[in-house]
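**Student:** Assemble the whole structure, with the sequences as input and the hints as a guide.
These protein sequence lines are chains A and B, in that order. Take the first sequence: its letters are residues 0 to 811, numbered as in numbering that gives the first Met the number 0. Take the second sequence: its letters are residues 0 to 237, numbered as in numbering that gives the first Met the number 0.
There could be a bad hint or two in this list.
Below, simulated SDA-like cross-link-like pairs (lysine to any residue); rule was C-alpha separation at most 20 Å, straight line [what the hints assert, rightly or not]:
| no. | chain 1 | residue 1 | chain 2 | residue 2 |
| --- | --- | --- | --- | --- |
| 1 | A | K728 | B | A76 |
| 2 | B | K118 | A | S730 |
| 3 | A | K728 | B | L119 |
| 4 | A | K738 | B | I115 |
| 5 | B | K88 | A | V805 |
| 6 | B | K118 | A | E731 |
| 7 | A | K48 | A | Y37 |
| 8 | B | K88 | A | T734 |
| 9 | A | K728 | B | K120 |
| 10 | A | K183 | A | P213 |
| 11 | A | K728 | B | Q82 |
| 12 | A | K210 | A | Q226 |
These are calculated hints, taken from the structure and not from any lab test. Values in this document were obtained by computation on a predicted structure and should not be read as measured data.
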Amino acid sequence: MGLNSFKMVVRQLARNKVFSAISIVGLAIGIACGLVIYEIISYESGFNKFNKNYPNIYRVINQLEPSGIGTVLAEGQVHPLGAAIRNDFPGVVAAMTFYAEKGQISIENENGAFDRYLEADGLVYAEPQVFQIFDFKFLAGNPQNALSNSGSIVINSSLAQKYFKLSQGNESDALGKPININNKGTFSVTGVFADLPETTDLPFKLIGDYKSQPASNPYFNNGTDWQEYNSNTNCYLLLPDEISAINFESQLVSFSAKYMGTESPVKQKYVLQPLSKLHSWEVGNYSHRQVPEKALYLLGFVGLFIILLASINFVNLSTAQSSRRFKEIGVRKISGVSRFQLIWQFMGETILVSYIAAVIGLGVAHVMFIYLTDILGYRLTLDLLKNGGTLIFLIISTFLIGIISGIYPSIIMSGMKPVGSLKNFLSVKGNSGSVSVRRVLVIAQFVVSLVLMTGTLVMQKQIKYFFSADIGFNKEAILITKIPEVEKSKLELLRANLLKYPDIKQVSFESTSPMADWKVSNSINYPTIEPNLYLGNLKTIDENYLELYEIPLIAGRNCSERKNSGEAIVNRKLIQLLGFKDPNSAIGEIFSYGRENMKFTIVGVVEDFHAMSLQQEMDHIILSNVGFNIKEIAVKINPVTASLTGYNSSIDKIKKEWETTFPEDVFEYEFLDQKIAGFYNSQVNTLKLVRLFALIAIFIGSLGLYGLISFIASQKIKEIGIRKVNGAKVSEILTMLNKDFVKWVAIAFVIATPIVYYAMNKWLENFAYKTSLSWWIFVLSGVLALAIALLTVSWQSWRAATRNPVEALRYE
Amino acid sequence: MLLAFYNMIKTENLTKIFRTEEVETSALNKVSIHIQKGEFVAVMGPSGCGKSTLLNIIGLLDNPTEGKYQFDGVEVAGLRERQRTMLRKGNIGFVFQSFNLIDELNVYENVELPLIYLKLKVRERKEMVGKVLERMKIGHRKKHFPQQLSGGQQQRVAIARAVVANPKLILADEPTGNLDSKNGLEVMNLLTELNREGTTIIMVTHSLHDAGFAHRVINLFDGEVLTENVNERIAEIL
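**Tutor:** Shown next as structure tokens:
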């Protein structure tokens, strides 16, 4: 298309500003969504690919078959696994085990004092083969021997700069400097590597030598324990090209028997998980960020669908406008243009408009990236010059969108008869394209909008339920902080010092708060139940725990101050499991727990409370003053004083006392209610994403409706005029134009309701405790859809209905 | 004929100005006319003289910019759309040069249209439509769609629609403009017959021949009444 056509397009866009704006905006949003989704998919599917051994790297995971549960995959391994594989299979290129745990780093500064840093992630203890399996770019030190000696540590460039106040490029100055971990072990820096890319599932920042892990792991036991499974201990292999994963898995069967024995109560098998699946399999990975492949396909499908919706709208809007071009088409045809030339002219115009929309779409995508940062947990950027793939995607997809959007209107418009065009017939039958095709498309759009809208409402209701459901204890005004050591006298002094303050009501030392994201889980044994089948959740508490969390006793008494007395307070569910209906009759009963058959005597029974998020069933709970596993301190702040003065002064007091007790550690705290809210982040983020797509679908749907009603109104100008001349009132015309839309919403409602009912039932199945799918949700979204539809069409209908009929009929 | 002197339409200084962003066109300029009940009046004049505008205002499709207009004794110049619709319903029938039938409706349904808006019952509608179709000699075509009819037949359908509700006034905008002379004559005979039965008719036309059927001819030029001639041939007959 030449300059003339270009001018023609620009003039046409300028002439029908409203129409041009909505068709371009619709397309721009479609393209933006496509772009965003393309970026998300390429980001998520690009994880770990920077490793040059990518296709040959595997993680060794366990496939377990505990009785009654089915097959479970677990990533946690025992400490000696990597070494044993290296020993037994010399054909394996490399095998490596690592242990990961957050920790506190202390660096001595020039004043002789310590700068302390909490590293929540990135601290691991790995065998030296880590550098053989994964790609690390060393800026200082030698990967061959950096982890050979006990007490050596390799850190990344950012931390080297942060800890030792180095500028970039001087990382080698960090070599030989001491790093203290958890006030337990001092390491010497033997290497510095460039920061790993964001797209790694193994975002290591500090890699200590494997044997020195007791600084973080009290259960290391010289790395010889074949029973001590821990999800923080993972094992990776690099296989040579000639050994396949399946082949090696079969070799691991006898290996497993050799080291694990065959008498284990749980059937176990080693499975190799390819590195390419690390980001998508449900088995936990080190980065704790996983996206199932199914979700990416679904996202891709949504993207395609939105682009399609936007194209449909474009078709609707441009055919609706085609009557304005009858004369142009007529003149061109009389002047001898061929139909093919006309088709190309219109297609060229549409493609040009698509590119205009793409430019706007880039801006929209940028805004969406900002909005999505919180939801996705990373910030996408649109550097088209750096990112050739995105640029090519944009150019090609925009071209295709132009073709898809342009083909139907082009064929319709180019097929108009010249005489009809010149006489400016307003109702050229069968010539302006059929309404019924678009009707179906609009109904489809309504279905999508309704499904997404109802889905949003159900999700919102479920999340509201999460936050408002009775969880069986009071979570308000409770500050949780870690305790680095558990020496009794220190803890008692800390407690006494805290309780001096009138705004602190209660203090308790515990393994976890009543609801937590981890648990100690072992089997309960008792004569009335099947052995090793039922799991109990053991929480370490003290005598103040029940009062602090306001958990009511329904039988018996609180536990005593004496540690490890074997006294246990259990919940109602547990005594029901043991066969007691009356809580009082369970008092004094003794049951055993765990590998070493700990004995517990029931001294009290409490009402059931939720020990994990509401996504999971209630547990059998054992609260006992066992003395070990005390990890944190819970401080109940007086809500009355807090409501008057805020929490800050209480936090300051707690901080002061804590730091006096543990002078070598960094104080870090969390409020329990916020921590619990965090358990539902993934649902809240899903809701945000679905809500965003719902809004986009509704918006695009509304544009489509606008296009359709404009088309219908322009087709019916004459009919409306005649009806008015023959006595129709404005309200009757409005009814005539709008009643179809009401009908379409009704049809869409009938189609959408079972779909969304099924989908949301499925979604709610993920949660043990859930809201009901109330009828009013469906009615509400139906009414909303109807209201949106009527609002959208009414402006055009109103204009058509109030138009002076004379104008429509005068020039006939 | 006492009734004949009753003024059905009375305009005073009727003025209509069309405004667009750039131009202001005066379509009618202080037009004052009186039309009595039972009269057959032809409005003539060159293109753009304001004939159709006058007809639209008289037909309550449009409001004048200035001036007074009494329809059947009621002042209507400032009425709202809704009030004009109420007054128009059942009182005024329209016949257009291009027939203006709804393509998606068949003959019967096209004719039925005004009766639906008058909220008449199905049985009444059926009877009235049947009668008028017989009278227009197109009863045998009532299931046909407009595209399946000749121009003359289409115009007869349009006239049937205009008269089905027994309006007091029929406004015809060049009713024979798209017809050959034979069909045109047929239409003029129909209108004359309706007029004889008491319906007031105002007809815009370019054709002197057609104007010959009217009692009186109003000549418009540049939005003003140039002359009013009583048609002598007709007057003699009367």
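**Student:** Each of the hints needs a verdict: does it hold here or not?
**Tutor:** How the hints compare with the structure:
1. Pair hint K728(A) plus A76(B) holds up; C-alpha atoms about 19 Å apart against a cutoff of 20 Å.
2. With a CA separation close to 14 Å, the supplied pair K118(B) and S730(A) stays within the 20 Å bound.
3. For the suggested pair K728(A) and L119(B), the alpha carbons sit about 15 Å apart, so the restraint of at most 20 Å is met.
4. A C-alpha spacing of about 17 Å is found between K738(A) and I115(B), which places the hinted pair at or below 20 Å, so the restraint holds.
5. Taking the CA atoms of K88(B) and V805(A), the gap is near 16 Å; set against the 20 Å cutoff, the hint holds.
6. At most 20 Å may separate the alpha-carbon atoms for a hinted pair to count; K118(B) and E731(A) meet this at roughly 12 Å.
7. Restraint check for K48(A) and Y37(A): satisfied, since their Cα atoms lie roughly 17 Å apart, inside the 20 Å limit.
8. The straight-line distance between the Cα atoms of K88(B) and T734(A) is roughly 18 Å, inside the 20 Å bound, and the hint therefore holds.
9. Straight-line distance between C-alpha atoms of K728(A) and K120(B) comes to about 18 Å, which keeps the hinted pair within the 20 Å bound.
10. For a cut-off of 20 Å, the pair hint linking K183(A) to P213(A) stands: about 8 Å separates their Cα positions.
11. Our distance criterion of 20 Å between C-alpha atoms is met by K728(A) and Q82(B), whose separation comes to about 10 Å.
12. Under the criterion of a C-alpha separation no larger than 20 Å, the hint pairing K210(A) with Q226(A) is consistent with the structure, at around 18 Å.
Checked against the numbered hints given earlier, the structure satisfies every one of them.
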